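Enquirer: Sequence:
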Amino acid sequence: MLESFSRKYQRELAIINLFQVIFFKKEMIFEFLDDYFKKLLANYINNKIDIDLKIWSIVRYTDFSILNELEKALLILLFLEVLYSNLPLKVILSIYINLSIKYCRKNFNKLIPVFLSKIKND
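When we follow the numbering used here, the leftmost residue of the sequence shown carries the number 3, and every step to the right adds one.
A few of these clues could be false.
[Claimed, not checked] Below, in silico cross-link-like pairs of lysine-lysine (DSSO-like), each with a Cα-Cα straight-line distance of 30 Å or less: (1) Lys28 / Lys10; (2) Lys92 / Lys56; (3) Lys122 / Lys104.
Don't read these hints as lab results, they were simulated from the structure.
All values reported here derive from a predicted model rather than from experimental measurement.
Produce the entire structure from the sequences given, and follow the hints as far as they go.
Expert: Here it is as structure tokens:
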């Protein structure tokens with residue numbers, strides 16, 4: 003059944019999963035995720051404090067508290083994909099700009115290249 007879910011849909015499910023963990027303090031639901039996203043999210047769960055600290059240090063000059071939970075979830079998954087996937091950075095950039103246009107507030111997509119370059123430089 004998982005084969006019928008596209009990678010794009012899997013990524014959106016992963017972001018929703020992260021959103022539920024951040025906003026509702028719920029546990030991760032891995033049921034409909036493929037192995038790639040299960041591993042990414044498991045890595046986040048196992049290293050949450052370290053990953054959060056790294057992300058927050060990257061956006062330290064941004065008022066992170068004004069970001070909503072969905073935007074935070076998107077940045078967390080972006081961070082995980084940059085660190086743990088073998089996708090080219092240009093592909094990751096394109097994916098997350100499109101996701102941010104679809105799900106986040108106006109102009110949030112302009113933060114994605116900045117965030118990506120800071121991850122790359124850390």
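Enquirer: Please verify whether lysine 28 and lysine 10 have alpha carbons no more than 30 Å apart.
Expert: holds (23 Å)
Enquirer: Holds or violated: lysine 92 and lysine 56, Cα atoms, limit 30 Å.
Expert: holds (21 Å)
Enquirer: Just to be careful, I want the Cα atoms of lysine 122 and lysine 104 compared with a cutoff of 30 Å; is the pair within it?
Expert: Judged against 30 Å, a Cα distance of about 24 Å means the pair holds.
The structure fails none of the hints (numbered hints given earlier).
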